[in-house]
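Assemble the whole structure, with the sequences as input and the hints as a guide.
The listed protein sequences correspond, in order, to chains X and H. Position 22 of the first sequence, counting from 1, maps to 22 under the working numbering, and the rest follow consecutively. Position 29 of the second sequence, counting from 1, maps to 29 under the working numbering, and the rest follow consecutively.
Each hint should be verified, as a subset may be incorrect.
Pairwise CB distance ranges (calculated) [said to hold, decoys possible]: (1) X:Thr11 x H:Gly84: 29 to 37 Å; (2) X:Ser93 x H:Gly52: 19 to 27 Å; (3) H:Gly84 x X:Ala16: 37 to 45 Å; (4) X:Ala16 x H:Ser65: 41 to 49 Å; (5) X:Asp52 x H:Gly3: 27 to 35 Å; (6) X:Ala39 x H:Ala14: 21 to 29 Å; (7) H:Ala14 x X:Gly15: 43 to 51 Å; (8) X:Ser93 x H:Gly28: 37 to 45 Å; (9) X:Ala39 x H:Glu62: 29 to 37 Å; (10) X:Ser93 x H:Ser27: 22 to 30 Å; (11) H:Pro8 x X:Ala39: 14 to 22 Å; (12) H:Gln44 x X:Arg59: 25 to 33 Å; (13) H:Gly28 x X:Lys57: 22 to 30 Å.
The calculated lysine-lysine pairs, modelled on DSSO-like cross-linking and capped at a C-alpha distance of 30 Å, are [unchecked claim]: (14) X:Lys68 x H:Lys57; (15) X:Lys102 x H:Lys9; (16) X:Lys81 x H:Lys9; (17) X:Lys57 x X:Lys81; (18) X:Lys102 x H:Lys57.
Since the hints were made in silico from the structure, they are not lab data. These figures come from a predicted structure and were not determined experimentally. Backbone N, C-alpha and C define an ideal beta-carbon position, used for all residues, glycine too.
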Amino acid sequence: GQNIDQPTEMTATEGAIVQINCTYQTSGFNGLFWYQQHAGEAPTFLSYNVLDGLEEKGRFSSFLSRSKGYSYLLLKELQMKDSASYLCAWLNSGNTPLVFGKGTRLSVIA
Amino acid sequence: DSGVTQTPKHLITATGQRVTLRCSPRSGDLSVYWYQQSLDQGLQFLIHYYNGEERAKGNILERFSAQQFPDLHSELNLSSLELGDSALYFCASSVGMGQGPYNEQFFGPGTRLTVL
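Next up, the structure:
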């Protein structure tokens, strides 16, 4: 199957750092995307990893380990506006498009 | 604003009815994807069109169909509607076939369908 798993909910404090993990099926892997989705709104692209290692983009970083089928999204200096769902999506090497996880709902509290 | 437009924004209809959702991709994008998002299921891929041709099908019911027109806009038709079809329907577009870092998908604002 095309399983992709991430925690359902997380809570973190404003100004802190939070790491959201994602595990996925390794066969036919062609990339890992992270999207942010505020309630009732469209998902917006955050990052893409296809090689092992850390990709940094401002307060957000994404890490990939292909051999372990593991990725994480790191959010630093958390702000209240970061409260949203974070969707991990796995790209197959065939014609099938992105397979999305169910998302991790992050709540940032004061 | 992603550049992807979807109409209508909200749709309320009755069981057994048929509706059409419309999507216009970003200028220059050849791929259109349709997704269904309900509270307990996350984003479920329905179907992908590239330059007018169907490229991939996901968990799309036989009561649902879609097409992409020569001007690249797409329509998703939902028929014999059931209560369980109530969901947010998103359209996304990408410049290529959706493979790789320069083909990330840009999502429209969605159509919220409520079946009563």
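Checked hints:
| no. | hint | result |
| --- | --- | --- |
| 1 | X:Thr11 x H:Gly84: 29 to 37 Å | 31 Å, holds |
| 2 | X:Ser93 x H:Gly52: 19 to 27 Å | 24 Å, holds |
| 3 | H:Gly84 x X:Ala16: 37 to 45 Å | 39 Å, holds |
| 4 | X:Ala16 x H:Ser65: 41 to 49 Å | 47 Å, holds |
| 5 | X:Asp52 x H:Gly3: 27 to 35 Å | 32 Å, holds |
| 6 | X:Ala39 x H:Ala14: 21 to 29 Å | 27 Å, holds |
| 7 | H:Ala14 x X:Gly15: 43 to 51 Å | 49 Å, holds |
| 8 | X:Ser93 x H:Gly28: 37 to 45 Å | 25 Å, violated |
| 9 | X:Ala39 x H:Glu62: 29 to 37 Å | 31 Å, holds |
| 10 | X:Ser93 x H:Ser27: 22 to 30 Å | 29 Å, holds |
| 11 | H:Pro8 x X:Ala39: 14 to 22 Å | 20 Å, holds |
| 12 | H:Gln44 x X:Arg59: 25 to 33 Å | 30 Å, holds |
| 13 | H:Gly28 x X:Lys57: 22 to 30 Å | 24 Å, holds |
| 14 | X:Lys68 x H:Lys57 | 28 Å, holds |
| 15 | X:Lys102 x H:Lys9 | 23 Å, holds |
| 16 | X:Lys81 x H:Lys9 | 24 Å, holds |
| 17 | X:Lys57 x X:Lys81 | 17 Å, holds |
| 18 | X:Lys102 x H:Lys57 | 19 Å, holds |
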